[in-house]
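**Student:** Listed below are the residues making up each chain.
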Amino acid sequence: MKNKPIKRFKMALFKIPWVRQRWEEKFTPVTSEAIPWTPLTKPLARCTIALITTGGVHLKNDAPFNMDDKDGDPSYRTIPSTATKSDLMITHDYYDHTDADSDINLVLPIDILRACQEEGIVGRSSEFFYSLMGHIVLPHLPYLVEKTAKEIATALQGQGVDIVFLVPA
Amino acid sequence: MSTVGISLVRTITVAIKPPRTYFLRYPFGHALGEAGNRPQQTTIFKDCLNLLETARVPGIILESPYRWRGQRFA
Numbered sequence: 032m033k034n035k036p037i038k039r040f041k042m043a044l045f046k047i048p049w050v051r052q053r054w055e056e057k058f059t060p061v062t063s064e065a066i067p068w069t070p071l072t073k074p075l076a077r078c079t080i081a082l083i084t085t086g087g088v089h090l091k092n093d094a095p096f097n098m099d100d101k102d103g104d105p106s107y108r109t110i111p112s113t114a115t116k117s118d119l120m121i122t123h124d125y126y127d128h129t130d131a132d133s134d135i136n137l138v139l140p141i142d143i144l145r146a147c148q149e150e151g152i153v154g155r156s157s158e159f160f161y162s163l164m165g166h167i168v169l170p171h172l173p174y175l176v177e178k179t180a181k182e183i184a185t186a187l188q189g190q191g192v193d194i195v196f197l198v199p200a
Numbered sequence: 021m022s023t024v025g026i027s028l029v030r031t032i033t034v035a036i037k038p039p040r041t042y043f044l045r046y047p048f049g050h051a052l053g054e055a056g057n058r059p060q061q062t063t064i065f066k067d068c069l070n071l072l073e074t075a076r077v078p079g080i081i082l083e084s085p086y087r088w089r090g091q092r093f094a
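These protein sequence lines are chains A and B, in that order. Heads up: the first sequence runs through residues 32 to 200, numbered per the working numbering. Heads up: the second sequence runs through residues 21 to 94, numbered per the working numbering.
The shape of chain A in the complex, shown without the other chains (with noise of 0.2 angstroms):
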């Protein structure tokens, strides 16, 4: 990670409350006009679930996201729903992720997914999970939007998933 001190310092300054409502302020989202609704058709317990991450989670062997572009990365990485802790990992310079590390289901709960399943609480999981990193900004947006979004969707889709539980960073 270049400029790591100066990285974690910035991270750090999101911790004091106006500091991050500055920044909530000052920042432009992407906005929509309609919203999508899908209704849920059957119970939980028979839907299939799958989680999707913005908190730049991937397999320790594969490959990491791109640190070194300062728009970010909009490519995505799949990661088995079988995946436990020991084989995860975090590449994500825009948020504190140190807890995160120690305790993956602070953004990417498969755990508690798991602990719930076994409650019969809901489902079983699709194959795959999928993952990204949250901070892409305008000039990737497109790629996000129509290629990686897109992909995702089908995958899901192909997976015969019912419902999806989205944890931003």
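Please note: incorrect hints may appear among the correct ones.
[Said to hold, decoys possible] Covered, in the sense of this in silico footprint (three residues per stretch, anywhere, with C-beta under 8 angstroms from a C-beta of chain A), are these stretches of chain B: (1) 21 to 32; (2) 35 to 41; (3) 52 to 63; (4) 81 to 87.
[As the list claims (entries may be wrong)] Below 30 angstroms or equal to it, Euclidean Cα-Cα: the simulated DSS-like pairs (lysine-lysine) are: (5) Lys101(A) x Lys46(A); (6) Lys178(A) x Lys91(A); (7) Lys37(B) x Lys178(A); (8) Lys38(A) x Lys91(A); (9) Lys37(B) x Lys35(A); (10) Lys116(A) x Lys178(A); (11) Lys73(A) x Lys66(B); (12) Lys57(A) x Lys101(A); (13) Lys66(B) x Lys116(A); (14) Lys101(A) x Lys37(B); (15) Lys91(A) x Lys66(B); (16) Lys73(A) x Lys181(A); (17) Lys37(B) x Lys181(A); (18) Lys37(B) x Lys57(A); (19) Lys66(B) x Lys37(B); (20) Lys38(A) x Lys116(A).
[Stated by the list, open to error] Partial chain B-side listing against chain A, Cβ under 7 angstroms, derived: (21) Phe48; (22) Gly49; (23) Pro78.
Everything labelled a hint here was simulated from the structure, so no lab data went into it. For every residue, glycine included, the Cβ atom is placed at its ideal position computed from N, Cα and C.
Guided by the hints, dock chain B onto chain A, whose structure is given.
**Tutor:** Relative to the frame of chain A, chain B by itself:
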């Protein structure tokens, strides 16, 4: 596919208009709560599933009642 998501920044969620959102005033990197706090993480996860099951209005943003610090979870 029906979706539910966690948000840590309400203004962005309002602009993007996702179908069902569970909003928490938690720090970045802590969407499910504190490291190792299984009761907290499980409660938030189940709240989100409950929102998925009960939401009838597109664009709903449900504000979590849980504080970042000093909240007890069973």
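**Student:** Is the hinted pair Lys101(A) and Lys37(B) satisfied, with a Cα-Cα distance of at most 30 angstroms?
**Tutor:** holds, 26 angstroms
**Student:** Can the region 21 to 32 of chain B be counted as covered by chain A under the rule of three residues or more with Cβ-Cβ separation shorter than 8 angstroms?
**Tutor:** With 11 residues close enough to chain A, the hint holds.
**Student:** What's the verdict on Lys66(B) and Lys116(A), does the C-alpha distance respect the 30 angstroms limit or exceed it?
**Tutor:** Judged against 30 angstroms, a Cα distance of about 21 angstroms means the pair holds.
**Student:** Examine the region 35 to 41 of chain B for residues whose CB is less than 8 angstroms from any CB of chain A, and state whether their number is three or more.
**Tutor:** With 5 residues closer than 8 angstroms to chain A, the region 35 to 41 of chain B meets the three-residue bar; holds.
**Student:** Assess, step by step, whether the Cα of Lys91(A) is no farther than 30 angstroms from the Cα of Lys66(B), and give holds or violated.
**Tutor:** holds, 29 angstroms
**Student:** Hinted pair, alpha-carbon criterion (30 angstroms max): Lys38(A), Lys116(A). Please report holds or violated.
**Tutor:** holds, 25 angstroms
**Student:** Need the status of pair Lys178(A), Lys91(A): alpha-carbon distance at most 30 angstroms?
**Tutor:** holds, 24 angstroms
**Student:** Does the structure keep Lys38(A) and Lys91(A) at a Cα separation of 30 angstroms or less?
**Tutor:** With a Cα-Cα distance of about 22 angstroms, the restraint between Lys38(A) and Lys91(A) holds, given a limit of 30 angstroms.
**Student:** Hey, Lys116(A) versus Lys178(A), does the alpha-carbon distance stay inside 30 angstroms?
**Tutor:** Holds: Lys116(A) and Lys178(A) sit about 28 angstroms apart, inside 30 angstroms.
**Student:** Do three or more residues of the region 81 to 87 of chain B come closer than 8 angstroms to chain A, measuring C-beta to C-beta?
**Tutor:** violated (count 0)
**Student:** Going straight from one Cα to the other, do Lys73(A) and Lys181(A) come out at no more than 30 angstroms?
**Tutor:** holds, 24 angstroms
**Student:** Would you mind confirming whether the straight-line C-alpha gap from Lys37(B) to Lys57(A) stays at or under 30 angstroms?
**Tutor:** The given pair, whose Cα atoms are some 19 angstroms apart, holds under the 30 angstroms limit.
Hint check: violations occur at hints 4 and 9; the rest are consistent with the structure.
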